[in-house]
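Novice: Construct all of the structure, not just a fragment, from the sequences and the given hints.
Chain residues, written in single-letter form:
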Amino acid sequence: MARILFDEVTKIYGDDTLAVDEFDLEIEDGEFLTLVGPSGSGKSTLLRMVAGLEDITGGEIHIGDTVVNNLPPRNRDIAMVFQSYALYPHLTVRDNMAFGLKRSTDLPDYEINDRVEEAAEMMGIEPHLDQKPKHLSGGQRQRVATGRAIVRDPGVFLFDEPLSNLDAKLRKHMRTELQRIQQQLDTTTIYVTHDQEEAMTMSDRIAILNYGELQQVGPPRTVYNEPENVFVAQFIGSPSMNMFVSRLDADAGRFTGDIDVSIDVDRARAIQQNATTDQLLLGIRPEHVTVHLEEVDDSVPATVDIIEPLGSNDLLYFELEDGTGVQEVIADDVEIGEDEEEDEEEYKVFIQPGSVPNSYEGSGEVVHLTFDTSHMHVFDPQTGENVDVETTTSVDAQAETAGADD
Amino acid sequence: MATKTRDDAELFGIEMSKKTYDRLKAAGFHAFVWSSIFLVLTPVLWMVVVSLNPISFENFIKDPTVWASNVDFSAYDLAINGTDFLIWFQNSTIVTLAATALSIVVCTFGAYSIGRLEFRGRKAMATFLLLTQMFPLILVAVPLFLIFRDLGLVNTLYGLTIAYVAFVLPFSVWMLRGFYENLPESLEEAAMVDGSTRIGAVIRVIVPLSAPAIATTAIFAWIFAWNEFVMALILISDSGKTTLPPGLSTWIGRYSLQWDLLMAGALGATIPLFIILFFLQKYIINGLAEGAVKT
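Line order of the protein sequences matches chains A and B.
Residue numbers for the first sequence follow our numbering, beginning at 4 and rising by one.
Residue numbers for the second sequence follow our numbering, beginning at 818 and rising by one.
Do not rely on the hints blindly, as some may be mistaken.
[Said to hold, decoys possible] Listing some non-contacts, in silico: residues in chain A with all C-beta distances to chain B over 12 Å: (1) 33; (2) 116; (3) 130; (4) 332.
[Said to hold, decoys possible] Covered by chain B, according to a simulated footprint, are these stretches of chain A (three or more residues, beta-carbon under 8 Å): (5) 64–78; (6) 92–102.
In case anyone wonders, no lab produced these hints; they're calculated from the structure.
Built from N, CA and C at the ideal position, the CB exists for glycine as well.
Specialist: Listed below in structure tokens is the structure:
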């Protein structure tokens, strides 16, 4: 068991490619931490630095009480599961799993065999112990790779996008299985993924990275409900958060622009104090928008683009009559984390199936939207920061972020 | 014109049933393949024929029974008991085995370092290796002789072995390097996380996986060392220390040529190559096709 500490860790590739920039984070003993971010965000680099497969340009990484910067991978008490599984093709599953124990311990053969069988039972791969990896399916290979890691009972598990080569259904299944095993073994785990859904469902805490910089770290619910900046807001959550551009009139407690909403004056004044401009981004998740067929108080008219049936509810894509593009107001150096579909400019709302007739699709028929302002986030387009912190940051989240900063 | 059915086929404008067509096609194919094989093997067959009874080709064709009635193994007897053939054979075996083994070891690690490790001058080194392949062997023969003479390596089997390793290495390293570059790096990384040193990872994971490629380079080294003539001629002067190719050449006298003896010796020299190719041929095929598809 081990705690991991990143102390101003920096990685520069070649002469000038900055992959990780002064990364600080402490991972508690037994914690499941997910590093999530788009490709090129430096998350895999960080993991490989912990593993010792990548040199550390600056700063220190501690595993337990040891600074591991100059330790070779074999002396770090870690086990890693690779995206490609990296099973040794010339060895049987049994030998694959025993490989590490034979190299790193003095255990007698019968004990190694016992431990391999125990781990195989845990992963449900006993029948395949004497097969070569090429005879296994993708899911089975993944289990062998995980089994090879757990059999060594290391201080730290490192997962590098271990599920990304599986199909969607198997991925969901393995997700819960990995989580179960981690809880059972209570081993400190760093899990790298670009899939925010995986991050949300599995982790004790999520660290969101972009361009080698830590954007926010906290429990899944906190980063979902209280994103610190517009990147986190857009990256976490699927479908992603709607972003509207509106101008704040603090004294009236009213936003006008893409959407017109009212908030209480104290909150508006607090926002105005935090913000550097009065044209702001309003972030509202699809579940916090309500669709009315008739006009109601404070409603905003919109036209229906497409209705996607998802099963328990439908996803309605809508367009505003004259929206200002987020790209037009946002500062050049502010990242608005596009999700995988790059649909940050589309507006979405969850509706009950059948609550909006399908004939509205693309017909120009007007629906009326109201917004749950208590779940609304306000971002400064110049800095990307959440300027509505007073009202949305809970005590618990403040403790989390404070913990992350030390 | 008759209506064609599905079972009809056409060959050189002649209509026939599908069955006949298939048979003719198979017959043509086999005739072609077997005549090619015959063509390739004729010299070998002729070596056997002449070694048993020296006869001219015309006489052999006219009346093979004359040849058959005078067949004997005297040439083989003479080669084994009357000449240094066995010593040459032994020397060739020693040099070839040593050169092959040594070049495999050096080339495995050399190719790995050029294919995988990051160091300054890696590309330059690889290009330089290829460049050395562009000189004809004879060009370096004299300078090499002078160097070896000063080092006391002339007229020794290990001197010859070193020369062979040096000639085989560039090509072998170049070939293995390509193989290593195609192996996923995560395999060594996994082995290193699993408690191996880098050299341990190479020996336990990379070498077993590159067995086909290593076998291919081994065959290359073997054939080169077994057949090499010029270097052996220049570096070795004692008949008791020379290898088969220059040894056999001494049988070609200025005024006389004992064809049966020469052919018997040549056949004896060919057998080890036959054996090694027979056992390693599947690796050659594998090795050459390796990297074509991702596994």
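Novice: Check the non-interface label on residue 116/A: least C-beta distance to chain B beyond 12 Å or not.
Specialist: Holds: least Cβ distance 17 Å, greater than 12 Å.
Novice: Count the residues of the stretch 92–102 of chain A whose CB lies closer than 8 Å to any CB of chain B, then report whether that count reaches three.
Specialist: holds (count 3)
Novice: Checking a non-interface call: every C-beta of chain B should be farther than 12 Å from the C-beta of residue 130/A. Is that right?
Specialist: Residue 130/A is indeed farther than 12 Å from all Cβ atoms of chain B, at 23 Å.
Novice: So residue 332/A supposedly isn't at the interface. Is its beta-carbon more than 12 Å from every beta-carbon in chain B?
Specialist: Residue 332/A is indeed farther than 12 Å from all Cβ atoms of chain B, at 44 Å.
Novice: Examine the stretch 64–78 of chain A for residues whose CB is less than 8 Å from any CB of chain B, and state whether their number is three or more.
Specialist: Three-residue rule met by the stretch 64–78 of chain A, so holds; n is 3.
Novice: Is the nearest Cβ of chain B still more than 12 Å from the Cβ of residue 33/A?
Specialist: holds, 20 Å
Checked against the numbered hints above, the structure breaks none of them.
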